[in-house]
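Listed in order, the protein sequences are those of chains A and B. Okay, so the first sequence: first residue is 1 according to the working numbering, each after it adds one. Okay, so the second sequence: first residue is 1 according to the working numbering, each after it adds one.
Simulated from the structure, these hints should not be mistaken for lab results. This one's a predicted model, so the numbers in the text were calculated from it and none came from an experiment. The C-beta atom is built at its ideal place from N, Cα and C for all residues, glycine as well. Be a bit skeptical, because a hint or two may be false.
[As the list claims (entries may be wrong)] Calculated pairs, DSS-like style, for lysine-lysine (alpha carbon to alpha carbon, straight line, at most 25 Å): (1) B:Lys225 - B:Lys154; (2) B:Lys176 - B:Lys223; (3) B:Lys223 - B:Lys271; (4) B:Lys315 - A:Lys195; (5) B:Lys404 - A:Lys158; (6) B:Lys504 - A:Lys225; (7) A:Lys195 - B:Lys271; (8) B:Lys480 - A:Lys158; (9) B:Lys177 - B:Lys225; (10) A:Lys195 - B:Lys333; (11) B:Lys225 - B:Lys237; (12) A:Lys63 - B:Lys176; (13) A:Lys225 - B:Lys225; (14) B:Lys293 - B:Lys236; (15) A:Lys225 - B:Lys315; (16) B:Lys404 - B:Lys333; (17) A:Lys23 - A:Lys217; (18) B:Lys504 - A:Lys63; (19) B:Lys315 - B:Lys223; (20) B:Lys293 - A:Lys63; (21) A:Lys217 - A:Lys158.
[As the list claims (entries may be wrong)] Partial chain B-side listing against chain A, Cβ under 7 Å, derived: (22) Asn78; (23) Asp80; (24) Val84; (25) His321; (26) Asn474; (27) Pro551; (28) Gly559; (29) Arg561.
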Amino acid sequence: MNPYIALFTGLLFYWTPLHGATKAESHWRSLLENHANCVTWVSATVRVEVSAGGRSLPPQEQKLEALGTIIAEDGLTVLSLTKVDPTSSILSRLRSPGASVQVNYTEVLILLQDGTEIPARLLLKDEDLDLAYLLPIENSEEDLAAFSFTPVPGLSKKAPTPRVLDEVVSIAKLGRNLYRQSTLRRGWVNAVIEKPRPYFVIENTEPGTPVFDNHGKWLGVVVYKMERGRPSAIVTLPVEDIVEIADQVRSRNR
Amino acid sequence: MKSRSTGSGVIISDDGLVVTNHHVAGKASRLTCRLFDGEEVMADLLGADAMTDLALLRLRLEQRATNAPPVKTAKFGNSDKVKVGDVCFAMGSPAGLSQSVTKGIISNTALISASSQSFRLDGENVGELVRWLGHDAVIYPGNSGGPLVDQSGKIIGINEVGIGSLGGAIPSNLAKKVAGELETQGYVSRSWVGLECQPVMEENQSGILVAGVIVDSPADLAKIKAGDIITNYAGKKVSARIPEDIPIFNQLVYSRPANQAHSIQGLREGKAKKWTIVPAPREPAFAKEIEIKSWGITVRNFTLMSSLEAQRESKLGVQVHSTNRGGPSASAKPSLSAGDVIVTVNDQPVNSIDDLLELSHKITRGQAEPVPTLVSFERNLAKLLTVVKIGPEAEENQPLEAWKPWLGISTQVMTRELSAALALPRTTRGIRVAQVFPETPAQKAGIEAGDLIFRLDGQIIMAHRVEDAEVFGNMIKQYKTDATIELSGLRGEEPMTWNASLTKRPVPPNELPKHEEETFEFTLRDLSFADRVNRRLDLNQSGLMVENVEPAGWGALAGLRQGDLLLEVDRQSIGSIEDFKDIMKQLVSAREKRVLFFIRRGIHTLFLELEPDWDPQG
Chain A
1 MNPYIALFTG LLFYWTPLHG ATKAESHWRS LLENHANCVT WVSATVRVEV SAGGRSLPPQ
61 EQKLEALGTI IAEDGLTVLS LTKVDPTSSI LSRLRSPGAS VQVNYTEVLI LLQDGTEIPA
121 RLLLKDEDLD LAYLLPIENS EEDLAAFSFT PVPGLSKKAP TPRVLDEVVS IAKLGRNLYR
181 QSTLRRGWVN AVIEKPRPYF VIENTEPGTP VFDNHGKWLG VVVYKMERGR PSAIVTLPVE
241 DIVEIADQVR SRNR
Chain B
1 MKSRSTGSGV IISDDGLVVT NHHVAGKASR LTCRLFDGEE VMADLLGADA MTDLALLRLR
61 LEQRATNAPP VKTAKFGNSD KVKVGDVCFA MGSPAGLSQS VTKGIISNTA LISASSQSFR
121 LDGENVGELV RWLGHDAVIY PGNSGGPLVD QSGKIIGINE VGIGSLGGAI PSNLAKKVAG
181 ELETQGYVSR SWVGLECQPV MEENQSGILV AGVIVDSPAD LAKIKAGDII TNYAGKKVSA
241 RIPEDIPIFN QLVYSRPANQ AHSIQGLREG KAKKWTIVPA PREPAFAKEI EIKSWGITVR
301 NFTLMSSLEA QRESKLGVQV HSTNRGGPSA SAKPSLSAGD VIVTVNDQPV NSIDDLLELS
361 HKITRGQAEP VPTLVSFERN LAKLLTVVKI GPEAEENQPL EAWKPWLGIS TQVMTRELSA
421 ALALPRTTRG IRVAQVFPET PAQKAGIEAG DLIFRLDGQI IMAHRVEDAE VFGNMIKQYK
481 TDATIELSGL RGEEPMTWNA SLTKRPVPPN ELPKHEEETF EFTLRDLSFA DRVNRRLDLN
541 QSGLMVENVE PAGWGALAGL RQGDLLLEVD RQSIGSIEDF KDIMKQLVSA REKRVLFFIR
601 RGIHTLFLEL EPDWDPQG
C-alpha cells in the first residue's frame with residue numbers, strides 16, 4: 001500500500017466519531033471486567049403489618065430481591081428503597097387515608113456472584129430520595145474477612161455532571177433466571193434537572209445500579225423519583241447525594 | 001393465622017350445650033357466645049364433625065353471675081316428618097348483627113349439591129352424608145349454625161348454606177345424633193369400607209352401582225369390584241336411582257360398627273352374588289394441621305384417607321400443609337412447599353408430628369441462633385435433601401430514617417392565579433404558608449399562616465406552578481440540619497424578614513420507643529410529633545399510641561383498634577412505655593379477670609374491658 005494512502009486512512013480513522021465510540025467502549029468494557037461486582041443482588045425478607053380503618057391485618061411475609069451498588073470496601077451498599085420496601089405499593093392499593101404499613105426486616109442478604117450469601121442489615125433509608133443503605137453484619141456466620149467487596153470506582157464527592165445527549169452506561173446484573181450475569185446497559189442522557197435538586201434523566205437504566213459517563217466516571221445511582229410518597233419516574237441521583245447520606249449510616253449506627 | 005368470625009348457634013340443654021356449624025366454630029381457640037339478652041358467656045369446643053359440618057360447644061355457665069337466670073333452650077323436632085310446604089323460621093345473627101327471625105316454607109326435603117365435590121370441609125365432602133332441608137326463610141352469612149324451627153318452635157334443622165334466596169339446613173335428626181356423639185366422645189365414630197358408589201345406570205335396575213373400590217380396602221378384601229350392583233347391605237335393601245339417594249346409602253355404610261363382619265348381597269354380570277365385609281374404623285380425610293413456628297410451616301399427620309389420596313404405602317411421615325413466605329422452610333434451598341412429606345431430620349426418622357416436634361426441640365433447645373438442619377423429604381416420587389435453619393425467630397430491624405433539616409411549615413405554591421387574586425404581579429415566584437407547626441423553628445422565627453415567602457437566603461423560590469410544590473422543601477433540604485436561614489416575603493402588605501434556625505425533622509414513628517404486649521396481643525408506641533399535630537393533641541398530652549392490634553387477640557376482642565390513644569390502664573395514667581410495662585406486669589401476675597383500658601378515639605373517649613382467658617397451667 002502507498003504509505004501516504006495508509007497515513008491518510010489512519011488519520012481519517014483517528015478523527016472519526018467511530019474512534020471516540022471505541023474509546024468510550026474500551027472504558028466501559030474495562031469497567032465491566034474490573035468492577036462488575038460493584039453491583040450486587042440483595043435479598044430482603046420482610047414482615048409487613050398493615051392497619052387500616054382501625055383494624056390490623058394478619059402480618060404477611062414477603063421476599064424481595066433488588067439490585068444494589070456497593071460504595072465502600074466494607075460492603076456498604078445503596079439500593080432503591082422502593083425495591084425493598086413495599087409500603088408505597090401497599091398504600092396505593094389500600095387507598096385508605098388512615099392506613100399504616102410497618103415493614104420489619106427479618107433477613108437481608110447480599111447475594112454475591114459466586115453464590116455466597118452475606119447477612120446484612122438495612123440501616124438507613126431516605127424516603128424522599130428513594131435510598132436504602134445496608135452493611136454486612138460483622139459477627140455473622142460468614143467470615144467477612146474472607147470476602148473483598150468491589151466498591152464502585154471513582155468515588156468522589158465532586159462527580160462530573162453529564163450533558164443532555166451524552167452517552168452513558170450502567171452496570172447491572174441479570175436475574176436469577178439468567179444466572180445473575182453482569183451486563184452493561186447503554187443509555188443517553190435525556191435531561192439534566194438542576195432545580196429543585198439535581199437529577200439526571202437517563203433512559204434504559206435499572207433502579208439500584210450505578211451510571212458512568214463515557215470516561216468511565218461514576219455519575220450516580222438510579223432511583224425512583226418520589227412524588228407524594230410514590231414512585232413516579234426513574235432518575236439518576238448524583239454521587240454527592242449518595243455520599244452525603246452514606247455518612248449518616250456510619251455516624252448514626254456506630 | 002388467627003382470624004375472628006361470627007355465626008349463630010342454638011342452646012339445646014340446660015347445662016349449656018350449643019349446636020352450631022363446624023365452619024363457624026370447629027377450629028376456634030376462643031369462643032364467646034352472646035345470648036338473646038346481650039349477656040356474653042365464654043364457651044368451650046367439645047367436638048366438631050367436618051362430614052356433617054356440625055360442632056358442639058358448652059357454655060361456661062359456672063362463670064355467670066350467681067343470680068343469672070337459667071339459659072333458654074330449644075328442643076329437637078323430627079326432621080323426617082317435615083314436608084315440602086311446611087312453614088319454618090330461621091333464627092340467628094345475620095352478618096354478626098343482632099338476632100333475627102325470618103319466615104319461609106320448606107321447599108325441598110332432600111336438597112343436595114349438584115356437584116358432589118362442591119362443598120368440602122377439611123377434605124370431607126359434606127354432601128356425602130347430608131341432604132339439606134331447602135327453605136326460603138331469608139338467611140345471610142352469619143346465620144350459619146342457627147336453628148331452623150317449625151311452627152311449634154322445635155328445631156328441624158341447623159342452617160348451613162345459602163344458595164341465592166334458598167337456604168339449606170342440616171336435618172335435625174342427623175344433627176341430634178351427631179351432637180350426642182360429640183358430647184359423649186368428642187368425635188363421631190364411623191366405619192369405612194372403601195366402596196365408591198353411584199346411582200344405577202339402567203332405568204329398571206334396582207340397587208346401587210359400585211363405581212370403584214379402593215385398593216386394599218375392606219371392600220377390596222371382600223372381592224367387590226367396579227360394576228357390581230349392591231341390592232342389600234347389612235340386611236337392609238338399598239337402592240339409588242338418582243344422586244339424592246346416595247347420602248342415605250352412605251349414612252347406612254358409615255353407621256355400621258367397625259371390625260364387625262356383615263353381609264352384602266348383589267349382582268355381578270346379572271348373577272346373584274354375596275360378599276362378607278369387615279368395615280374398618282374411618283379416619284378423617286385430613287388430620288388437623290399444626291403450626292411449627294421454628295420451621296415456618298404448618299404440617300399434618302397422614303390419615304388413612306390422606307395417605308391413600310397421596311398414594312403412599314404407609315401413614316409414616318409428616319406432610320407440609322403450608323409454608324410461611326420468608327420463613328425458614330420457604331427460605332431453604334430447595335424450599336419446602338405444600339404437599340412435601342418430611343421423612344427424616346438430621347437422619348432421624350420422622351413418622352409423625354410428635355417426632356418432628358421432639359427432634360426440633362432437641363435441636364433448638366438453648367440455641368440463640370437458627371440451627372442449620374438436614375431434612376430429607378419426598379416430593380412425588382423424588383427423594384430430596386435440604387437444609388432448614390430452624391430455631392428462634394430472626395431478629396427484626398427497621399432502618400433509621402435519614403436526618404433532614406426542618407422548618408416546620410406546610411406550604412402552597414403562589415400560582416399566577418393566586419398572585420393575581422392577591423394583587424401581586426403575575427410573575428411572582430414563591431410560596432404561601434398554609435400551616436405553622438407548634439414548637440418548630442418556623443414558629444420560633446415568628447412565621448405565621450398566611451405569610452408569603454419569596455426568597456430563601458436571597459435566592460428566589462422558583463415556584464409558580466402546582467408541579468413546583470417540592471421546590472421550597474428541596475431548597476431547605478440542601479442545608480445542614482443546624483443551619484440558620486433567612487426568609488423574606490410579605491405579611492399582608494408589609495415586607496418581612498425572618499431568621500430561622502433549622503432543626504432535624506421530628507423522630508419518625510418507627511424510631512420511637514415501642515412495646516409489644518404479648519398477653520393482650522397489641523403493640524404500643526410513644527406519641528410522635530405527627531400524632532400530636534394531626535390529632536390536635538396538646539403538646540403535653542400523655543398516653544401511648546396503639547400501633548397494631550393482633551386480629552382476634554384479647555385486645556381486638558375487647559374492641560381496641562389501631563390508632564387508639566391509650567390514656568389509662570386500670571385507672572392509672574400512662575405516661576411512658578415503662579409505666580405501661582410496670583402496670584401490665586402487676587396485672588399479669590395478679591391474673592385479673594377484667595382489665596380496664598381508658599382510650600381516646602378521635603374526639604371520643606371510652607372504656608374497654610379486656611377479659612383474658614388466663615391459661616390455667618400458668
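Hint check:
no.: 1; hint: B:Lys225 - B:Lys154; result: violated, 44 Å
no.: 2; hint: B:Lys176 - B:Lys223; result: violated, 36 Å
no.: 3; hint: B:Lys223 - B:Lys271; result: holds, 15 Å
no.: 4; hint: B:Lys315 - A:Lys195; result: violated, 70 Å
no.: 5; hint: B:Lys404 - A:Lys158; result: holds, 21 Å
no.: 6; hint: B:Lys504 - A:Lys225; result: holds, 23 Å
no.: 7; hint: A:Lys195 - B:Lys271; result: violated, 96 Å
no.: 8; hint: B:Lys480 - A:Lys158; result: holds, 18 Å
no.: 9; hint: B:Lys177 - B:Lys225; result: violated, 32 Å
no.: 10; hint: A:Lys195 - B:Lys333; result: violated, 48 Å
no.: 11; hint: B:Lys225 - B:Lys237; result: holds, 19 Å
no.: 12; hint: A:Lys63 - B:Lys176; result: violated, 49 Å
no.: 13; hint: A:Lys225 - B:Lys225; result: violated, 70 Å
no.: 14; hint: B:Lys293 - B:Lys236; result: violated, 51 Å
no.: 15; hint: A:Lys225 - B:Lys315; result: violated, 56 Å
no.: 16; hint: B:Lys404 - B:Lys333; result: violated, 41 Å
no.: 17; hint: A:Lys23 - A:Lys217; result: holds, 14 Å
no.: 18; hint: B:Lys504 - A:Lys63; result: violated, 33 Å
no.: 19; hint: B:Lys315 - B:Lys223; result: holds, 24 Å
no.: 20; hint: B:Lys293 - A:Lys63; result: holds, 18 Å
no.: 21; hint: A:Lys217 - A:Lys158; result: holds, 11 Å
no.: 22; hint: Asn78; result: violated, 44 Å
no.: 23; hint: Asp80; result: violated, 44 Å
no.: 24; hint: Val84; result: violated, 44 Å
no.: 25; hint: His321; result: violated, 16 Å
no.: 26; hint: Asn474; result: holds, 3 Å
no.: 27; hint: Pro551; result: holds, 6 Å
no.: 28; hint: Gly559; result: violated, 10 Å
no.: 29; hint: Arg561; result: holds, 3 Å
Of the numbered hints stated above, those contradicted by the structure are hints 1, 2, 4, 7, 9, 10, 12, 13, 14, 15, 16, 18, 22, 23, 24, 25 and 28, listed in ascending order.
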